[in-house]
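Below, each chain spelled out in residue letters.
Number of protein chains: 2
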Amino acid sequence: MVNETQHTCSVSSSSRSDGGSSSGSESSKDNSRCSTPVLDADRHERLREKMRRRQDAGDKWFSLEFFPPRTANAAVNLISRFDRMGAGGPLFIDVTWHPAGDPGSDKETSSMIIANTAVNYCGLETILHMTCCNQTKDDITGHLQKAKRLGLKNIMALRGDPTGEEWEEEVDGFNYAVDLVKHIRNEFDDYFDICVAGYPKGHPEAESYEADLRHLKEKVFAGADFIITQLFFRPETFLKFMKDCQAIGITCPIIPGIFPIQGYHSLRQLVKLSKLEVPQEIKDVIEPIKDNDAAIRNYGVELAVSMCQELLDSGMVHGLHFYTLNREVATTEVLKRLGIWKEDPRRPLPWAVSAHPKRRVEDVRPIFWASRPKSYIYRTQEWDDFPNGRWGNSSSPAFGELKDYYLFYLKSKSPREELLKMWGEELTGEESVFEVFTCYITGEPNRNGHKVTCMPWNDDPLATETNLLKDQLEKVNRRGILTINSQPNINGKPSTDPIVGWGPSGGYVFQKAYLEFFTSSEIVTALLKVLKKYELRVNYHIVNVKGQNITNAPDLQPNAVTWGIFPGREIIQPTVVDPVSFLYWKDEAFALWIEQWAKLYEEESPSRMIIQYIHDNYYLVNLVDNDFPLENCLWQVVEDTFELLN
Amino acid sequence: MVNETQHTCSVSSSSRSDGGSSSGSESSKDNSRCSTPVLDADRHERLREKMRRRQDAGDKWFSLEFFPPRTANAAVNLISRFDRMGAGGPLFIDVTWHPAGDPGSDKETSSMIIANTAVNYCGLETILHMTCCNQTKDDITGHLQKAKRLGLKNIMALRGDPTGEEWEEEVDGFNYAVDLVKHIRNEFDDYFDICVAGYPKGHPEAESYEADLRHLKEKVFAGADFIITQLFFRPETFLKFMKDCQAIGITCPIIPGIFPIQGYHSLRQLVKLSKLEVPQEIKDVIEPIKDNDAAIRNYGVELAVSMCQELLDSGMVHGLHFYTLNREVATTEVLKRLGIWKEDPRRPLPWAVSAHPKRRVEDVRPIFWASRPKSYIYRTQEWDDFPNGRWGNSSSPAFGELKDYYLFYLKSKSPREELLKMWGEELTGEESVFEVFTCYITGEPNRNGHKVTCMPWNDDPLATETNLLKDQLEKVNRRGILTINSQPNINGKPSTDPIVGWGPSGGYVFQKAYLEFFTSSEIVTALLKVLKKYELRVNYHIVNVKGQNITNAPDLQPNAVTWGIFPGREIIQPTVVDPVSFLYWKDEAFALWIEQWAKLYEEESPSRMIIQYIHDNYYLVNLVDNDFPLENCLWQVVEDTFELLN
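Protein chains in written order, with full-length UniProt numbering: chain A, 1 to 646; chain B, 1 to 646.
So that you can see chain A by itself, here it is in the shape it has in the complex (with noise of 0.2 angstroms):
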């Protein structure tokens, strides 16, 4: 009677051995007694596997190429673009590799940077182009070496167009790109997954469309996992290509290439490149209208939904692949209007993870680089194992330091001028500086009349959850309570709750009452009095730029701030208050108030002098409500504060 129903399990005390179990799945092997509990399926799957587990669901997926940058303020803003298109939920993103553009290097617009900033910092699945011909093996293994230290796992593998008129095979050389199928396959083994290219025309270098058939079928045979194909203009074209492929026995997935047509001259650029032949009855749309770029991309974006359309209702095609030229606006319209760009505004953890394998287990963070993730995952690169289920006591987590490289990435998006705009062309005193701090927090424009939209320790806007504490915020900032964190007390909300929610479905969510804030040593003193009153339920971390440090953290344990319990699962607590890594995370916001504010100005300048007396004289505090079921107290301790310096 029992065989007969739901899922049932094949472990068995009995026939169980001691050593390891049958289990084929990769984190069955670490048998590690901290694993993390699987929140998210997707963080432990490599990309081979999630394709398929999203065409057996019968799930339709998306996704993005990109080419590198070629300036560092380029590269800035298609960080920020990854961000914005990977809300949308793509499966993957591949970033190009032009051999000309020192591609393997370290520079900040590289190919393996630019791939390297996709996985770690916005948390993106990453395929990596690499081209082998015309470079030594260990040039390319050189490059692969250093993918995989940077937590790449996928490899595009493609021979590249080769340089000089008169280009002959060599002998034991990388030929064609099923040379570096086959020698990643040698000297990495699993490691990769493996994308290769498909022309559903032929290449237009094979002998003929067949022979470029079998050149597909021995790159799949080496190795590969799936085919990405060269754009093509009507759907008919991709179809017959699969039916194609699936007749010589070529069984992996095959994505389509899809190119939405922005402009005019970008798309003469791809079809001499790609040596396509545009047909005719797109010809004769666009030249009447090539100046009119508007008209191109509408008309563009309606060609694709339908070719996209037809692919789907195939039922041979799963995902799309979108060559977008770096922009946004005809991608993103295209995936919406079909319906799979898919915002889930549900969090997996409260903070955004990472995609770096070593950070899979990854569960648990300090709350203070909340508003800041960027560097916090910078500071910690170098780390090989990753806090999960708790954070511990660690005495030394050996934070990474702040350098040049750091400053890049994390340093704010907005220009000079429009920061002094924000934070005031001169400042009169710590009143101008609790007047900007307010009018961030409020969304008010300042004196000058400019909104104020972002902060040296913050980013981007205030958070939705921040709002929730608006009022009482703006209150203590104007008298000079520098809030720079903070986050309500929450008792057993649904995990599903759209402001505080995280994780999966059938949960509830908790949080502790926090407020990091920074402020004058005759503020602190008045404090101290206070919190004698609340010993027992708030805790406090004070410290200033000199490291003068006062806690009534227990043997400097950790508090645990944010947590969730879920069906069937372990506790999740995400973050947590560490009086360890405060003292890392206070070097870097007192810095960011010489290094992003204070050199604003000219040195020597009255507004430079004021920054810097607060940097060498104010507190950086930390306040932590234990009573989590409870009214949130920290108002009241700020409101004792102030009453007690009347």
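Please note that a few of the clues may not be correct.
Said to hold, decoys possible - In silico DSS-like pairs for lysine-lysine, Cα to Cα no more than 25 angstroms straight-line:
no., chain 1, residue 1, chain 2, residue 2
1, A, Lys493, B, Lys493
2, A, Lys493, B, Lys533
3, B, Lys148, B, Lys137
Quick caveat, the hints were computed from the structure, so don't treat them as lab data.
Starting from the known structure of chain A, fit chain B onto it as the hints suggest.
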């Protein structure tokens, strides 16, 4: 202004080197990110540190001395006594060493094994005595290595009584306790805390009182951490001894040995062995009442209370060591009258912790062994690491097997005749088994007028917490849902709650409702249909003795069912329902039907065949209601199941 206030911690990120920390505490040495939050400082300190902390806090304490039992039955009784007297909060217990009794062997009654039980199964800080005279260096080292392996951390180093009439010093041999102290320090460095004996009247064999003091000083300077004295009859004897010790430079703690007179003969024997003289004023009282045990014991208690009071009032004494002679009543009464017997109903964790140093960080266990904690400790004794923070989804927890040794320590404390009275001299069908379960729950006598105070799966009467569910449990047991473990849901009660609270004060504890029972395959079939309605809310796991196994646990992940939130700490989740461990528990739970119940009856007898039938055909089921803030739905699940059956 800041330096003058509060607890100031010395850690500073700028002054910190990468390698280690300046803190000397043990817990900072292991750099694990998963170390346990210090819920209970006691678990993390060694004995000499606990002693110092109690002294610094002005906290009076006591300790208890026992000798090893002669028979296996006496051992079972002694272990229950450890549990009962352990409830009063001794700082430690110690177990004496009698070379003639094979004290280092693996026998159930050896000093080594009794001390092992006290540490590992009863969770008591324990000192093992060890004598050295007439023993080889190898023997002694072997004993010490074994003690270390078993988790013993404290040794009382003694000479022991020479055997044979004409004892002579051996060159390079172990002639005095000081030789043993030196040996321990040479071979085991600082691993053990070492205690030595002091003689307030001088050792009977010493040349003089002064010479004996000098010997004592040698022992301390050789590495002893503290001194326990021989018994004495007048407080001034001890106080003079203590001053004399201090005068010659002995500064370690000196703990007076207290001997409450419990009977005429035991006093005479002890005096003979210790070569002490009983003061005339005591003799005068005792001689006339020598045949009245109760009167002597009353007098002994009076005498001990007044002597102890005088010692404590002197301000020189912080702890009292009791020679219990393995008896409970007199010592317990003295301690209660002194007000230092402190039954603390607060539990550090919901389950009884073990004192083995390897288990120091352990803070999570599967719920299944809740009523059989000693069995759990036994079956996990070979583990190198104990889970803390998370149980994790280890696929191979490698529980030890069910062997003889295990059966001795963990078998029911009641004799066969008792069990037959409770569980039925003769069973007439499955219903008579239902009745036994029901009587255990209700506390009502069975049809033969006997109360059922234990079950094969529960050594003790029902937990207070289970009483909360009594009515529902009664109802379902009557109908063949044979419950062996359960807990109500709790949504944030104070950690000081007398029934469900645990951990430090100021916290909140939570539970998911849990129900575990044996039941027939007919009921399981109906239950599975009902559970479909509750799929998202209730996790279930159903298994029979052959290992047929049905569960909806996602990826065989553990489900946390008890957790606590405390001020300034990470989340503690001490109890999980782990689907993998459940299969090990299943083997034990089914085996108990046969080993403890069926075997009470003759082979082939109808009673035995009824139990055998249940063992072969019933299922073991566990259910968790994940929606802890709502009313427990598990009773409704059972109700629905019965309805479906009708």
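Enumerate the violated hints, using their earlier numbering and listing them in ascending order. Structure breaks no hint.
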